[in-house]
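Chemist: Line by line, the protein sequences are chains A and B. So in the working numbering, spot 15 of the first sequence is number 15, and the numbers just go up one at a time. So in the working numbering, spot 50 of the second sequence is number 50, and the numbers just go up one at a time.
Mixed in with the good hints, there may be bad ones.
Claimed, not checked - Lysine-lysine pairs mimicking BS3-like chemistry, simulated, CA-CA at most 25 Å apart: (1) A:Lys368 - A:Lys293; (2) B:Lys88 - B:Lys130; (3) A:Lys306 - A:Lys141; (4) A:Lys160 - B:Lys19; (5) A:Lys293 - B:Lys19; (6) B:Lys194 - B:Lys207; (7) B:Lys243 - A:Lys9; (8) A:Lys434 - B:Lys243.
If you're looking for bench data, these hints aren't it; they were derived computationally from the structure.
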Amino acid sequence: MSIGSTPLKFKVSIDPDRCMSCGRCIENCSYGVYRKEGDDIRINSRNCVACHRCLAFCPRDAIDIEEKPNDYRSHPLWTREVREAIFNQAKTGRIILAGMGNALPYPVIFDRLVLDACQVTNPSIDPLREPMELRTYLGKKPSSLTLKQLPDGEVELITKLTPNLQIETPIMIGHMSYGAISLNAQTALAKAVSRIGTFMGTGEGGLHESLYPYQKNMIVQVASGRFGVDINYLERGAAIEIKIGQGAKPGIGGHLPGEKVCADVSCTRMIPEGSDAISPAPHHDIYSIEDLKQLVRGLKEATEWKKPVFVKIAAVHNSAAIAAGIARSSADAVVIDGFRGGTGAAPRVFRDHVGIPVEAAVASVDAKLRQQGIRHKVSIIASGGIRESADVAKIICLGADAVYIGTSALVAMGCRVCGTCYQGNCAWGIATQKPELVKRLDPETNSVQVENLIHGWTLELAELMGAAGINSIESLRGNRDRLRGYMLDEGLMEVLDVKTVGA
Amino acid sequence: MTTVRIDAHRLHYTPLNQKIRAAIADGATEIIIDNVLGQRFIGDGVRGDGVTITVNGVPGGDLGMFMSGPTIIVNGNADHAPGNTMDKGKVIIYGSAGDAVAHSMRGGRVYVRDNIGYRGGIHMKQYMEKRPILVVGGSARAFLGEYMAGGLLIVLGLTGITPISERGVGSGIHGGEILVRGPVDGLHLGVGAKQTPATEEQKVMIKPIIEDFAKQFGLDPAPLLASDYTRISPASARPFANKYTWE
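Take the sequences, apply the hints, and build the full model.
Modeler: Written out as structure tokens, the structure reads:
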């Protein structure tokens, strides 16, 4: 091999003064970094992905992990990542597969938006003593109401309302399939959402039998592979989501490698054990916006118009026009998945270069729907790179009704964002199907952590709203007056419809 | 046997399906729908083993979508995607059908007497005892059996047109099999598909299906059974296995 070894990504060292040779690092590392030789613990740093499982379980804080221990000659264009990708492809001639969200240092729009707060003229509200309305209804709202006065003075609603989903906080958990993540991870998320009064997505992997008790808090997904989809599955979900695209890999399908299709995954997806689960790039019964309408209605007709149907698209250049089509398709919500959205596996070139930020996409979708007078026909759910409650508040100000979180919920279960989910070796028992790793994740304790996270964010959201003198999430939605752009360019501020700080 | 007749004249598909569901709930085993003219989603998500729904006219798209149990007989042509993601039951079409016939079908059978459009049997899949079968009496357009993950697709070429004369057959096929009566030009095969002459065992395997199809449409099965078949199957169960390298 003329290229030879590439520099280590991480260098692992053990402080001999602190180490007590308990071997927990050896037990916990699923990537084969540590091994015992005689009385010594030997280290193979090349296998390390910095998942920190060893650090977290070392009782003496004896382990150090250093990123990029060897320097390349620095160059602003020929970055380490670019050079290493070339080495990799020169050796293999293949597509580079990567995990988690976009890894290029694009500016984060969220971090260039600031929220408003009341001072003097409009008093702020203390959520401790005033009610704060965070409950959100997702789905179609009527454009007007027809009422009939009854002789006894009561009023009857004549307008037929469309089923909506009621969520107690505008934070839901996005679609991560059984296959991409473990059943224990899904179970922890399911327990959390059912206790909070919110929803989670099944992903395109069917609904495992053991999750049936949580089905009223599950949104079942129908994607291009139609895995695990039958009438029972559709009827179990509280809502149905058609996945057209994903922010981490807009425009392409997905391949769950056969190694991850174990007996249980096979049964849930309804495909033979060990076979690749291939989701084609498009749905082959949807080649146009009219065909999408047909699938939306096909799903509604199958479930007798009792379930809201969502349509998820990746945030791309013309999201607004697409969303306008979706709003006219009988769908009840459109999910906009930004280019920072996570994934178990995506080609690196897509993860890093295709799609647009969710902030810009949501703002333009909201604006387009309002311009056309159809904003009430669909709710907007934002996903892809929602990291904290401030992001939730900001995206709601830009027009979203609610958010899906994915990576944040996984981090609440121990994920360190090491980005090697595609290896199926997750030491935290999240992105793996290996029984010995999956059992590390206790659904009960992890569900409490996820619940805590969403609870904490919800409290912060109430505080942010109170500070802005707003006591209902409805008044925050699309309220760009409470946002200002800080060091954003004029063009982007126009898209977001926000003023600059100081204005 | 309880028979229910429904007049679909100027009836929207939702009330039509409500009538079908109500009839099944009331114990009907034979439902005859007259004057069907383009109504989509007939039988969508409907359950009912032993129920036969006869459609007189031309149904719209997604006939029998997500259906689990009933048999639908169409006395006429069908639009696109009959049997879409169907789970169990039968769709029998006395005529031709449009594109994406049996799309993602996971169980049951679809019989089309004449020809089908593009992408027939695309992404059909099987699991355990569920093995979907699509039989086409005539010919199929391009992209037949793409991404096929399981099941059986048979094309008989009885309408005087070459059964397979267009490209992309079985692109990305990673499970299941396609049997075509007569030879298939290798140029028409998609990436990931290979063809071999069907063996005697394979012909024995399809014999009861051919007989059932012939009986359904009043054909003589003998010449069909005596013919040679071409079997199109996956070149690999992992067509994308060598596409990726880890970051």
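Chemist: A separate judgement is required for each hint: does it hold in the structure or not?
Modeler: How the hints compare with the structure:
1. Of the pairs offered as hints, the one joining Lys368 (chain A) and Lys293 (chain A) holds, with about 19 Å between alpha carbons and a cut-off of 25 Å not exceeded.
2. Taking the CA atoms of Lys88 (chain B) and Lys130 (chain B), the gap is about 8 Å. The hint holds against a cut of 25 Å.
3. Between the alpha carbons of Lys306 (chain A) and Lys141 (chain A) the distance comes to roughly 15 Å, so the proposed pair stays at or under 25 Å and holds.
4. Note on Lys160 (chain A) and Lys19 (chain B): the hinted pairing holds, with a Cα-Cα distance of about 21 Å set against a maximum of 25 Å.
5. Using a Cα cut-off of 25 Å, the hinted pair Lys293 (chain A) and Lys19 (chain B) holds, with the two alpha carbons roughly 23 Å apart.
6. With a CA separation close to 22 Å, the supplied pair Lys194 (chain B) and Lys207 (chain B) stays within the 25 Å bound.
7. Distance restraint check for Lys243 (chain B) and Lys9 (chain A): the Cα-Cα separation of roughly 24 Å lies within the 25 Å cut-off, and the hinted pair is therefore satisfied.
8. Under the criterion of a C-alpha separation no larger than 25 Å, the hint pairing Lys434 (chain A) with Lys243 (chain B) is consistent with the structure, at around 24 Å.
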